[in-house]
Amino acid sequence: MSDGVFAVVGLFDNAQELLQAIPRVRARSLGRVEAYTPYPVHGIDAALGLRRSPLAGMVLVAGMIGAATALFFQWWMTAVDYPIVVGGKALFSWQAFVPIMFEVTVLFATFTAGLGMLFLMNRLPFFGHPLLSSKAIAAVTRDKFGLAIEAQGEAFDVEAAKTALTAAGATTLEVLPFQRELVPLQFMTRAAMGIFVSCVVAGYAMYWVIKLFPVLPPMVHMEDQPKLNPQKASAFFKDGHGMQLPVDGTVARGPLPYLIATQEEAAGLVNPLPRTHRVLQEGRTVYNQHCAVCHGLLGTGTPSLTSAYGAKPANLQGQTIRDYPDGKIYHVIMKGKNAMPSYAADLTEEERWAVVHYVRVLQRAQNARDEDFQ
Amino acid sequence: MSPRPTLAWILAALGAVGVVAALFGASPERFWANWLLWFLFVLTIGLGSLFIVALGHLVGARWSVPIRRAPERLSGLVVLAAPMALIALLSLPVLYPWARPEGALHPAIAGKAPWLNVPFFAIRVVVCFALWGLAYRILVGGSMKQDQTRDPAFSVRARRFAPAFMVIFGLTITLVAFDWISSLEPEWYSDIFGVYLFAGTFLAGLGASALVVIYLVEHGRLPGVTNDHLYNLGGFMFAFTVFWSYIGFAQYLLMWYGNMPEEIFWYKQRIEGPWLNVVLLLAVVHFLVPFFALIPRGTKGDPRGLRWVAMLVLAAHFLDLYWLILPVVGTSPPLSWPEISFALCFLGLTLLWVDRAMRSGADMPVGDPLLQEGLEFRL
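Quick note, the sequences are listed as chains A and B, same order. According to my numbering, the first sequence holds residues 42 to 415 in order. According to my numbering, the second sequence holds residues 3 to 381 in order.
Keep in mind the hints are simulated off the structure, nothing from the lab. C-beta atoms are modelled at their ideal positions from N, C-alpha and C, and glycine is treated no differently. Each hint should be verified, as a subset may be incorrect.
Here's a subset of chain B near chain A, in silico, CB distances under 8 angstroms, partners left out [unchecked claim]:
{"#": "1", "residue": "R126"}
{"#": "2", "residue": "L255"}
{"#": "3", "residue": "I297"}
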């Protein structure tokens, strides 16, 4: 029985003796054979029978998983979950994803390489190699070459290992005790719990300190920036308004502000839409959705609403409105009249003018001329 | 390099007939674009090899000393490229808009007239070749002479000259990229283009050098050179495959993002229509295949594997130049008898040139004091 023995180390004077000794010691099959040398010795991997490390393959696979993950996440975020067109590019713009794919590939690969090295090569959670607290460490980091037979299981025979190393030409022998108590598992568990608890405590402490003693307000740039507040004058412009009129000569890329104040001024507006089938259909749809509830499907007004609103909806078939120019009807849609509210916010400019066309159709249908019947 | 130089002679002669026929039979744009393509292919193999030689001296590398004669001999291709460059000057009014009278009418081109004009262009070409010739004399000529004299003073001199060569090389390779390739479309510009061509040039030099080294090793002419030496060449190839892709994609990404008309037209010409196939093929043979082929240790240190990759890298560099230059000729990639004739002719000429170079001097720099240390190199 060899309780508490990690390995037996023998020292050799030069690399040549070490390389010759390795096969002889390995032939005894006493335990795992490991060499400690002050510098890399050519051919020692083959002599020790070290298998090719699986780490390289793991890193390759991890890197590919990283690339695929980055591609999938970016595709999901930009093209599926929250699609926003940026800079006129397609939602799935692989070109923009490549730098991040590259970074995540490197991240996954290096983490695999680093952690893999710690767990596979350094055999975590194996802290503190017994060799580090031996006498042999001074020799093998200077000018001697160490060969160790590591204990595997309970049946390890220390004396046999010593004999084998001496027979192979080792000058000095040392038995390395297994430092089981160096970092006990219980300590590691406690340390991990302690780190977790300290993080939680520190987090809460920071939160309350900053909240109660606002010496250093954290990250308030977004709150502090100049911005428009509702119901408050803006400091951006002299008139205190946040919204401003476009400067002179602005080329419209959408509707311009409606600056006409009275219905009389609006009389001169010309309907920009052609009287096509499509426009009239759009006008009918919008009229039936927004206007017909008060003005009636034929434009004659719905009297039932009078009691509720105290005012009678205008009869669009009346002579006054039939004599209106298009602009006056448009102005009422924009600004409202009497009890009617403005529909500027509900209808687009095209829809308003389409409704004007449709109102004209309704009027003509109810007041047909002779030539309409031919 | 070929054991049967007669075959190379036949190739070159057959091709030469086709080249002469193309001068009269094909459109002048196509003839000169092919000429420019092959001139730059030969030049970049030579320059890349010269760079490898200088790099070894610069960093005082030991491992590369036994195989240094391969890039030294290949850098003689710069000499072959010199007459090709002088003849290529005739292509200026055909291929380059700034060299034609109507170039002055375009404001962007007229603004670049102080730089892009025929006399100054010719001066730059001559100065570049003079500098390369000087570097070739110092680095390669000196090394050949050292075979006899065994004078270690050359090694010191080469190491002192190498930093100066790096400056010269950096400037001149950028001039090659900007003058010969980028100014084919003078409205377009890209700051990184010189680096892009450098990456391809270095890869071409590595590919050609690896082929020569593997050939010599298999014929027992480089005793003591092991797979570990090849492994380093393969490692370099792997690194610069990635570097080329990085630079090439960085240039594309910025222009794609910016989408400015003065930049993006260059890519639209090279990505739209049939050229899309070429650029996809380029991505496969210049990045994907060499990248994954060179990842395993086995390929880098194995002569058979590395030879295939080296040939692929050379072919990919040629395709890269083809993709850079030929779109000025037309909207579809030309591949017919003129291209094949040019390939036969200049491939044959290059092989003959290299074959002749292979007979000059020893196969290893036997006079270099670091040779023994280089032979003992192990991974």
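Hint check results:
1. With a cut of 8 angstroms, the hint placing B/R126 at the interface with chain A is violated, because the nearest CB-to-CB distance is about 34 angstroms.
2. With a least beta-carbon distance of about 6 angstroms to chain A, the hint placing B/L255 at the interface is held under the 8 angstroms criterion.
3. Of the supplied interface hints, the one on B/I297 holds, with its beta-carbon coming within about 7 angstroms of a beta-carbon of chain A, less than 8 angstroms.
When the structure is compared with the earlier hints, a violation turns up for hint 1 alone.
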